[in-house]
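Residue numbers (my numbering), protein chains in the order written: chain Z, 30 to 653; chain Y, 413 to 857.
Don't take every hint at face value.
Derived EDC-like pairs (lysine to aspartate or glutamate); straight-line CA-CA distance at most 16 Å [said to hold, decoys possible]:
{"#": "1", "chain 1": "Z", "residue 1": "LYS464", "chain 2": "Y", "residue 2": "GLU710"}
{"#": "2", "chain 1": "Z", "residue 1": "LYS73", "chain 2": "Y", "residue 2": "ASP682"}
{"#": "3", "chain 1": "Y", "residue 1": "LYS702", "chain 2": "Y", "residue 2": "GLU533"}
{"#": "4", "chain 1": "Z", "residue 1": "LYS71", "chain 2": "Y", "residue 2": "GLU710"}
{"#": "5", "chain 1": "Z", "residue 1": "LYS73", "chain 2": "Y", "residue 2": "ASP649"}
{"#": "6", "chain 1": "Z", "residue 1": "LYS555", "chain 2": "Z", "residue 2": "GLU629"}
{"#": "7", "chain 1": "Y", "residue 1": "LYS556", "chain 2": "Y", "residue 2": "ASP682"}
{"#": "8", "chain 1": "Z", "residue 1": "LYS260", "chain 2": "Z", "residue 2": "GLU295"}
{"#": "9", "chain 1": "Z", "residue 1": "LYS598", "chain 2": "Z", "residue 2": "GLU549"}
{"#": "10", "chain 1": "Z", "residue 1": "LYS464", "chain 2": "Y", "residue 2": "ASP448"}
{"#": "11", "chain 1": "Z", "residue 1": "LYS468", "chain 2": "Y", "residue 2": "ASP682"}
{"#": "12", "chain 1": "Z", "residue 1": "LYS464", "chain 2": "Y", "residue 2": "GLU566"}
{"#": "13", "chain 1": "Y", "residue 1": "LYS465", "chain 2": "Z", "residue 2": "GLU104"}
{"#": "14", "chain 1": "Y", "residue 1": "LYS465", "chain 2": "Z", "residue 2": "GLU228"}
{"#": "15", "chain 1": "Z", "residue 1": "LYS71", "chain 2": "Y", "residue 2": "GLU566"}
{"#": "16", "chain 1": "Z", "residue 1": "LYS73", "chain 2": "Y", "residue 2": "GLU533"}
Bear in mind the hints are in silico, worked out from the structure with no lab data behind them.
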Amino acid sequence: MDDWKKIGLMAGLECHQQLDTGKLFCRCPSVLREDKPDITFKRKLRAVASELGEFDRAALEAFGKGQTYIYQAYEGCTCLIEADEEPPKPADKEALETILKVALMSKAQIVDEAFVMRKAVIDGSNTSGFQKTMLVAIGGELELSNKKVGILTMALEEDAARPMEKSQGEIVYRLDRLGIPLIELATAPDLKTPEEVKECAQKIGELFRRTCRAKRGLGSIRQDVNISIAKGARVEIKGVQDLSLIDEYVRREAQRQLSLVELKEEMRKRKIGEKELDDFEVADLGQIFAGSECKFLKGKPVFGIKLYKMQGLLGKEIQPGRRFGTELASYVKAKAGLKGIVHSDELPAYEISEREIEQVRHKCDCIMNDAFVLVQAEREKAEKALKVVVERSKQALIGVPEETRDALEDANTEYSRPLPGAARMYPETDLEPVKIEEKHLKELKKELPLTVSEREKLYKEKGLSTNLVSGMRLSNYACFFEHLLKKGVSATTAATLLLEGVKQLSREGATGIRNEMVEEILLAEKKGEITKDVLVNALREWSKQPEKSLAEVLKELKVEKVEEGTVEKVIAGIVEKNSKLVKEKGMHALGALMGDAMKELRGKVDGGTISKLLKQELEKKVKK
Amino acid sequence: MDLKSFLKKHSLKEGSLVEVKKGTSLLKGTIVPSSDSGILVLKLGSGYNVGVKLDEIKEVKKQGQGKAVGKAKPVLPKANQSLPKISLIHTGGTIAARVDYARGAVSWHTTPEDLLSMYPELFEICNPKAVLLKSMASEDFRFKHFEAMAKAIEKEIKGGADGIILSMGTDNLAVASAAMAFIFESIPIPVIVIGSQRSSDRGSSDAFMNLICGARFATKTDFAGIAICMHGSTQDDKCAILPACKTKKLHASRRDAFKPVNAKPIAKVDFTSGNIEFLEKNYLKKSERKLIAKTKMEEKTGFLKVNVNMVPEQIEAFKGFKGLVIEGTGLGHMPLDTTDEATEIHKKIKKELQKLIDLGCVVAMTSTCLFGRVQMHVYSKQVELTKMGVLPGEDMLPETAFVKLAWLLGNYPKEKVKELMPKNLRGEISERNEIGEFEPGPENG
Numbered sequence: 030m031d032d033w034k035k036i037g038l039m040a041g042l043e044c045h046q047q048l049d050t051g052k053l054f055c056r057c058p059s060v061l062r063e064d065k066p067d068i069t070f071k072r073k074l075r076a077v078a079s080e081l082g083e084f085d086r087a088a089l090e091a092f093g094k095g096q097t098y099i100y101q102a103y104e105g106c107t108c109l110i111e112a113d114e115e116p117p118k119p120a121d122k123e124a125l126e127t128i129l130k131v132a133l134m135s136k137a138q139i140v141d142e143a144f145v146m147r148k149a150v151i152d153g154s155n156t157s158g159f160q161k162t163m164l165v166a167i168g169g170e171l172e173l174s175n176k177k178v179g180i181l182t183m184a185l186e187e188d189a190a191r192p193m194e195k196s197q198g199e200i201v202y203r204l205d206r207l208g209i210p211l212i213e214l215a216t217a218p219d220l221k222t223p224e225e226v227k228e229c230a231q232k233i234g235e236l237f238r239r240t241c242r243a244k245r246g247l248g249s250i251r252q253d254v255n256i257s258i259a260k261g262a263r264v265e266i267k268g269v270q271d272l273s274l275i276d277e278y279v280r281r282e283a284q285r286q287l288s289l290v291e292l293k294e295e296m297r298k299r300k301i302g303e304k305e306l307d308d309f310e311v312a313d314l315g316q317i318f319a320g321s322e323c324k325f326l327k328g329k330p331v332f333g334i335k336l337y338k339m340q341g342l343l344g345k346e347i348q349p350g351r352r353f354g355t356e357l358a359s360y361v362k363a364k365a366g367l368k369g370i371v372h373s374d375e376l377p378a379y380e381i382s383e384r385e386i387e388q389v390r391h392k393c394d395c396i397m398n399d400a401f402v403l404v405q406a407e408r409e410k411a412e413k414a415l416k417v418v419v420e421r422s423k424q425a426l427i428g429v430p431e432e433t434r435d436a437l438e439d440a441n442t443e444y445s446r447p448l449p450g451a452a453r454m455y456p457e458t459d460l461e462p463v464k465i466e467e468k469h470l471k472e473l474k475k476e477l478p479l480t481v482s483e484r485e486k487l488y489k490e491k492g493l494s495t496n497l498v499s500g501m502r503l504s505n506y507a508c509f510f511e512h513l514l515k516k517g518v519s520a521t522t523a524a525t526l527l528l529e530g531v532k533q534l535s536r537e538g539a540t541g542i543r544n545e546m547v548e549e550i551l552l553a554e555k556k557g558e559i560t561k562d563v564l565v566n567a568l569r570e571w572s573k574q575p576e577k578s579l580a581e582v583l584k585e586l587k588v589e590k591v592e593e594g595t596v597e598k599v600i601a602g603i604v605e606k607n608s609k610l611v612k613e614k615g616m617h618a619l620g621a622l623m624g625d626a627m628k629e630l631r632g633k634v635d636g637g638t639i640s641k642l643l644k645q646e647l648e649k650k651v652k653k
Numbered sequence: 413m414d415l416k417s418f419l420k421k422h423s424l425k426e427g428s429l430v431e432v433k434k435g436t437s438l439l440k441g442t443i444v445p446s447s448d449s450g451i452l453v454l455k456l457g458s459g460y461n462v463g464v465k466l467d468e469i470k471e472v473k474k475q476g477q478g479k480a481v482g483k484a485k486p487v488l489p490k491a492n493q494s495l496p497k498i499s500l501i502h503t504g505g506t507i508a509a510r511v512d513y514a515r516g517a518v519s520w521h522t523t524p525e526d527l528l529s530m531y532p533e534l535f536e537i538c539n540p541k542a543v544l545l546k547s548m549a550s551e552d553f554r555f556k557h558f559e560a561m562a563k564a565i566e567k568e569i570k571g572g573a574d575g576i577i578l579s580m581g582t583d584n585l586a587v588a589s590a591a592m593a594f595i596f597e598s599i600p601i602p603v604i605v606i607g608s609q610r611s612s613d614r615g616s617s618d619a620f621m622n623l624i625c626g627a628r629f630a631t632k633t634d635f636a637g638i639a640i641c642m643h644g645s646t647q648d649d650k651c652a653i654l655p656a657c658k659t660k661k662l663h664a665s666r667r668d669a670f671k672p673v674n675a676k677p678i679a680k681v682d683f684t685s686g687n688i689e690f691l692e693k694n695y696l697k698k699s700e701r702k703l704i705a706k707t708k709m710e711e712k713t714g715f716l717k718v719n720v721n722m723v724p725e726q727i728e729a730f731k732g733f734k735g736l737v738i739e740g741t742g743l744g745h746m747p748l749d750t751t752d753e754a755t756e757i758h759k760k761i762k763k764e765l766q767k768l769i770d771l772g773c774v775v776a777m778t779s780t781c782l783f784g785r786v787q788m789h790v791y792s793k794q795v796e797l798t799k800m801g802v803l804p805g806e807d808m809l810p811e812t813a814f815v816k817l818a819w820l821l822g823n824y825p826k827e828k829v830k831e832l833m834p835k836n837l838r839g840e841i842s843e844r845n846e847i848g849e850f851e852p853g854p855e856n857g
């Protein structure tokens, strides 16, 4: 199993990174909402022919399901464009510049004219029935520890709506996510081991994060993995969110493909052919289960079929905890909308009795090592589902079917839809192509983010602790931090404020913090107008009333700049007031007086200066 | 070098499969039309289109012929002869939009057969026939096109159609519907006007639902006359059947752009269940209606919207016109009073208007408020307008008043026109307005 070369493992990655900019084709902010939606509405979608006159396979299958889509919208972060009620606006400039930078950083070829394309998606996740996407660059490379990996394409596209709930015939989507810009980066199938896949995914994540425009948090980066083994077929695993499991997905998919190849060989050995599998009749099994102990079959319509000589094969494990029977069930789920199947290799179970099993075998004409599959549904649906079972069993004769699979949380996968064909794209007619000028690229080249090692070196030079260096180098604040460094603020103070102070404030629920505020506060600290210990406080208050000036906020906080000589006067006063104590304790009175001094001078002068001045004043007194 | 000579030089053409070297990368794709003569546009195997500057191309190799850029041949389901015969008269518009590579925009290439093949469900409701009348945008409509539509409708009725679906662009859909309503003084079958706000090349198009609901309404009810069938709300649940003379496109892009004004929908058609609910009991019915069509319309009919800072030249421009509809402010006002030096010019406006009327132009007043009614006796100014000979447009939509006046002038002598203009002929004027009619929000209709 570990001899990846021998089994001919080939994998490529397709990474989707959400960008922390405005939405791509409308001017809504890119924020996700957890509160109650303001508006909901229902829609349907239809499969339509692409400009080559072909219907997309995946689109047609989704249409066959006859779904209703319910969309949840919000005031403030969704508009008529997400609702597919208004034509799109030109691509967000910041998002476009971010992908151009990523392309330049990875030495990709940028196209001269990028066309916004409509990619047919008919699962309802886009209200329009298509996702808008534009190919911006091709080629380029990523450097792994042991090799270079080619980049095939880099596209800028809109994220889809968030699925919230699925039920029979209905899917609820939330529109907040629809339109958030995504960079889609696809690598060549150059990855030959699960470990390489993982390293490559990490490298891509790093590339995105260096731009300081990559969104963070669960779901902000999603990976699709294309995997095949020599005797298998190309399978696309969609939506791997947990990077730490990505190598395991590869291992398990390789294992699945190997198992399916074994299954094929076993079926051949048993002389199972398409003709034999097709020779079945749907049996009405309702009567057998009329008084059954099995709760989900009792008194309900149940139908079943024989699967020729498949006994033992349905129970064959193809991924840890998943059998070929499970595979059939996920096909039935996706294509016929049923919850699943019951097959003979998993019985007895579910309180289905031996007697009932015998009766089913008899009714389905099972002999010898024939297997059976039954489903609980009305006849029409059941027949559709059982036909799906036969079709998938016939595919097993060929081996591994090409398909798209959904990533499950345990690193297994299940069937979701056929691989989409190339026919699913046509130009977005509501938008002009985007001309990418050499001049613009030259300007962007000057602004390219530093590499991680360049950052580490610079930050160390500026005196950041190892902790702050590792917190800052791939933070979205890195670019802003470097801008602040150029302004001459204290590196440690700035990094601490950004990485700890701002984080603390956002946990408290502060929303009005802008970079300009942080910059002004840090500059005030640099000029000595305020001290380090009140920076967070000042930012908190300012974010609550952003219409005010910093000076006004500081005045309210009573931390405005003190006049020259005031500090000395205050300290002299404190020493004077406590002259008795000073006489008794001498220099040991410092501790007690420090408390009083801090109370009066906090925020105006830093603790070190107070301590120094107090010490001098005391020395004067004691010497006297 | 421009694209044309580039293609010639390398003996390539649209549809050729090529491999192009740009920088260090190879791009393989099919040549598709480009709207920029300095850029070669390729459709890559992945489906993406990309543009490459001609002077950036280092090498080009022909790889053969790619898939032709074209459309699928329509495949029509078998018609059921026992179902009602519905003629789909098609004039163009978004409902028939498809991609135009050469222009890089939406255009109207679809034939009625294409439309029919896209909606096989139609064959379960009726026995459809497609007629291609025009392929044009409705903003380009002229009276000649209304006449052509009316003639096509007449022809279909004489050919035995049980109902007609008239599809067109949405910009002037309501105006054309009103025109049809006036032209057909009497009509024995339903003519349902449909359009779409999202083009039919996309999965979310409203065309399908509007068409299916329109076909259901035309085949399952006893309604006869002209009506519009469009989305009732932003949802794909119900279509509204709207009165031809009292409907306005009130939104530039939404599916539910069409709203009844000073009226309510005639009916609602449930897309999923097919149920039809009549909201208006007093509608025209099929029984014993004859076919009477008067297709003439007066070319010299004008339309003037009142604005702040009007000048007399705006009225003068209609010199020689037979009719003019004014879209006034509020209850039907226009700047005629002189209260200070700046408003001296209003005297001239008044004079020009009087001159126009004296020269024989029939002038009618409507309101830019759309909702509500013109009142010609409330303020002294309106009394003055009445005295001058301006006719009240009552609660008519300005565009409806416009086609009505053109139609009256085309078919009746002037005195009769003046008599009929303020009278209700086709439901364009209501005697009373219900309280609930004024809800132009998404839920009305």
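Hint-by-hint comparison with the structure:
no. : hint                : result
1   : LYS464/Z - GLU710/Y : 49 Å, violated
2   : LYS73/Z - ASP682/Y  : 13 Å, holds
3   : LYS702/Y - GLU533/Y : 31 Å, violated
4   : LYS71/Z - GLU710/Y  : 45 Å, violated
5   : LYS73/Z - ASP649/Y  : 9 Å, holds
6   : LYS555/Z - GLU629/Z : 22 Å, violated
7   : LYS556/Y - ASP682/Y : 35 Å, violated
8   : LYS260/Z - GLU295/Z : 15 Å, holds
9   : LYS598/Z - GLU549/Z : 29 Å, violated
10  : LYS464/Z - ASP448/Y : 11 Å, holds
11  : LYS468/Z - ASP682/Y : 56 Å, violated
12  : LYS464/Z - GLU566/Y : 51 Å, violated
13  : LYS465/Y - GLU104/Z : 42 Å, violated
14  : LYS465/Y - GLU228/Z : 36 Å, violated
15  : LYS71/Z - GLU566/Y  : 38 Å, violated
16  : LYS73/Z - GLU533/Y  : 15 Å, holds
This entry does not satisfy hints 1, 3, 4, 6, 7, 9, 11, 12, 13, 14 and 15, going by the numbered hints stated previously.
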